[in-house]
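**Student:** Chains as they are written, first to last, in our numbering: chain A, 1 to 257; chain B, 1001 to 1230.
Keep in mind the hints are simulated off the structure, nothing from the lab. Yeah, the Cβ is synthetic: ideal placement off N, Cα and C, and Gly gets one too. Treat the hints with care, since some could be wrong.
[As the list claims (entries may be wrong)] One-sided and incomplete, this derived list gives chain A residues near chain B with beta-carbon spacing under 10 Å:
1) 57
2) 60
3) 124
4) 126
5) 128
6) 136
7) 160
8) 161
9) 166
10) 169
11) 172
12) 173
13) 175
14) 189
15) 195
[Unchecked claim] Residues of chain B placed beyond 12 Å of chain A at every Cβ, according to the derived structure:
16) 1015
17) 1039
18) 1061
19) 1073
20) 1093
21) 1126
22) 1137
23) 1146
24) 1150
25) 1187
26) 1196
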Amino acid sequence: MRALGLLAVVLLAVACGGERALLVAAGTTLVDSGFIESVADAYTAETGVDVDVIGEATAQVLALARSGSVDVTITHAPDLEADFEADGLASQSATVFTSRFLVAGPPGSDFIGLDAAGAFREIADRGGPFVGRQDGSGTALVEAAIWARAGVDGPAQPWYLSTGQGMGLTLQVASERAAFVLAELGTFLSTGALSLVDTGVSDPALENPYRAMSVAGTDAKAAADGFVDWLVSPDGRSAIEVASRTVFGRADVYGLP
Amino acid sequence: MAPVGLILDAIADAFASLSDPELIEVVALTLVVSGVASVASLTIGVPMGTALGLGRFRGRSALRVAVDVGMGLPPVLVGLALLLLLWRSGPLGGLRLTFTPTAMMIAQFLLAVPIVVGLTATAIESLPAAAVEQLGALRLSLVDRARLALLEVWPGVVGAAVAAFGRVVSEVGAVLIVGGNIAGETRVLTTLIVQESRQAQFGPALGAGLVLLVISLVVNVSLSRTRGRL
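So here's chain B without its partners, still in its complex pose (with noise of 0.2 Å):
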């Protein structure tokens, strides 16, 4: 029964652990966080993958290529760059964003426009040619063309939405280098369950958990709700 223990503590403790307002204000920064970094993402990302996914230019292949490599880039690479980018003793030093939330924001963004372009286009291609052609055919300019290839394959770009925020509220590595888990201003989800977890806190380290499990169950169902409604 003892080494059961342990687990049923952790369990009863992270139900406790969900009534802490600290845990509220972290939840919120998450959201916060991940939500613009996903929406900036998505503002960025859509017409660059309808471009890509449309789009018959040179030099295009190489850029899938880019996007490919960029979907699988590792978060701590990006925190690592971005840090150095934002040192204030660094290029971009005079913006004072090290150890904020506007870093973690930038970082989750970068995570996320690969993904959000990568998908777009990959829903693009999937078009049939003669969807492609008759659009060719109608005279409309580039946008409406654009528009409507969008509106055909838009399953595809709610997954790419679904996948984008997916990646960055779950992704520890880059918030924790640029974000710095100050309590009260940079910490988040994933960055409390790396430190209650380092100090043995396992139960409000799962509570954390369990929350970031609902967040991404419920962002996906409302999300995945909006497929096929125009």
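Pulled out of the complex, with its shape left as it was, chain A reads as follows (with noise of 0.2 Å):
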């Protein structure tokens, strides 16, 4: 019986002792593809400090931090970003790596030549289909931009498909129905059986910068800015590059900015 309790005593101990793993929320495209768990764990495996990664979209994340309930952030919603910072409520902030959309569809779709508004003009030309998350990720509003540009009111057409959902589930959903997609590189790649090829459009507006704040409501502060330094530090820099390396086979998919 004093055997029983002692138990309870030590996991009650390790359930409540040492410090507090830091909490990191990132957009659902850099966990879905496990990039951020490996930066994550470099960082541990270099500073000791445990890191608790949760994927959510990025206006998700940003109602997480605005609440507290994270240390850092790292999203892909530049207006967004900039928002939180006017309020004052990041601590330390910077760019930390970048990646790129593309438009997405199925074999043989080639928008060579055109930038994305032109591709996604001519996608409501053909009648789709599209698929779009529209979840409040930062996809989802480089998306509606896109089509904004193009002047064409996607969502509201009849071949337009709404999943809701992350990026990971979108793709399945725009490849088995053989339909268009605004794709993240790093899940794209990261997702397997998929029948979907890049178009092959280019833009600039396609370029997708991720932002890494420290919250500066948390009770962590410290380690939140701890962690965002460390990200630009050359130690992080070249974790970012050996993540990219490891997960994707190259470099370039989160590249350093």
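Both chains come to you apart, so use the hints to assemble them.
**Tutor:** Okay, here's the thing in structure tokens:
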């Protein structure tokens, strides 16, 4: 009986004791591929600080940060990030790596020579189908901006399929329905069994910079600042490069800014 | 007061979200998918369960164990297995069923069948030995014997129907995997709740949850009222 009591005390100490892990909320795209876990593991190996990563749509990540529920955010929505910083909610912030979006479609589709808006207009002319996320993610915001530039209300069209879910599931639906989709490169490369190709659209609007911010209101502010500082330090930059190579076999999927 | 505010707001928003026309579409699809899956599982499962409960054949106990295991099948595993089968480059890819309501019905059917078979068999097995002997003594065809036995255990069969519908209508893993939560096509109440919760739209999420609860309640009560009535 005493042994049992002792065990309970030890378990309680393990559960509550020590420094709590740093909580990082990142866009689902970064989590779906396993990339950000790989970066976090490198940080833990170097500093001994445990890092827990959760994946949510960018809008949700920033909402969590506003409520002080997370310590660090890594997102890809420049406008929302600027609002967050302008409200004085970020302690440290930096663009830590850059990826890109691609317009993907069924095998054989080719929009070489078109910009993103031109490709979206072409998709509309063909009557789609197009699969969108519409979940408040950075990807969904970029997609909405491209529809606006194309002068087409894509989501209102009968050939538009809205999943309300993450990038991985959305790519699966696009693949199985032989549809077009705005894809985030990392998830596109790490999702298996897709019958989708890069249509070859080239456009600066498809650049996808990720920004890390430590949340000013968190009770782990020092640790959060430390993590963001590390991401832009030589050690952090090298960890990002290694993670991109490890997960995707190439360094430019989440390249250094 | 502040920590409760979030919940009070969500409750207020939940009731406001009930008049959303999109929700009505989602409710309709939920009822169709789970209704079809349940009816199909009863059509197949009740005769199978009766045979399993009355029958004395080789391999019966192994089959009984298999059914019991099937009653606890993890929905995500059923979803995954079905997705693999239906994937366009997979064995049944030619059917083009991935991310369709039909795929969702099949998934729910697979989850419901073992429940119907298992509960029907259990109900039949609960008949007193004397009653079964009496059935055997009557010179009746197998089908008529089965029919008589079923009438005896009618409340048990209704219970199987309630359990099957309750399981599939509240299940999210399988329908999200094979359905994809496409607006207006494969979005049902449970996948809508997942989507809204992930986007911190707690009001609409809670509203959909309330509707789900009401559906369960109505189905449960109306089916239960047929218990005892023949």
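**Student:** Is the shortest C-beta separation between residue 60/A and chain B less than 10 Å?
**Tutor:** 5 Å, holds
**Student:** Is residue 1015/B truly not at the interface, in the sense that its beta carbon sits beyond 12 Å from all beta carbons of chain A?
**Tutor:** 22 Å, holds
**Student:** Against chain A, does residue 1039/B keep a CB gap of more than 12 Å to every residue?
**Tutor:** The claim holds: residue 1039/B sits with its nearest Cβ about 27 Å from chain A, beyond 12 Å.
**Student:** Using Cβ atoms only, decide whether residue 173/A comes closer than 10 Å to chain B, and label the hint accordingly.
**Tutor:** 5 Å, holds
**Student:** Residue 1126/B: least C-beta distance to chain A exceeds 12 Å?
**Tutor:** Per Cβ check, residue 1126/B is outside 12 Å of chain A; nearest 41 Å; holds.
**Student:** Quick check on residue 161/A please, does its C-beta sit within 10 Å of some C-beta on chain B?
**Tutor:** 5 Å, holds
**Student:** So, as I understand it, the hint says residue 172/A touches chain B; can you test that by seeing if any CB pair is closer than 10 Å?
**Tutor:** 7 Å, holds
**Student:** Let's test the interface hint: is any C-beta of chain B closer than 10 Å to that of residue 175/A?
**Tutor:** Nearest chain B Cβ about 8 Å off; hint holds.
**Student:** May I ask you to test the interface hint for residue 189/A with respect to chain B, counting a Cβ-Cβ separation under 10 Å as satisfied?
**Tutor:** 18 Å, violated
**Student:** Double-check residue 166/A for me: the hint is only fine if its C-beta lies closer than 10 Å to a C-beta in chain B.
**Tutor:** Hint holds; residue 166/A Cβ to chain B Cβ min 8 Å, cut 10 Å.
**Student:** Could you check that no beta carbon of chain A comes within 12 Å of the beta carbon of residue 1137/B?
**Tutor:** Label holds. Min Cβ-Cβ 57 Å, cutoff 12 Å.
**Student:** Is the Cβ of residue 1146/B more than 12 Å away from each Cβ in chain A?
**Tutor:** 42 Å, holds
Violated hints for the displayed structure, listed by number in ascending order: 3, 4, 5, 14, 20, 25, 26.
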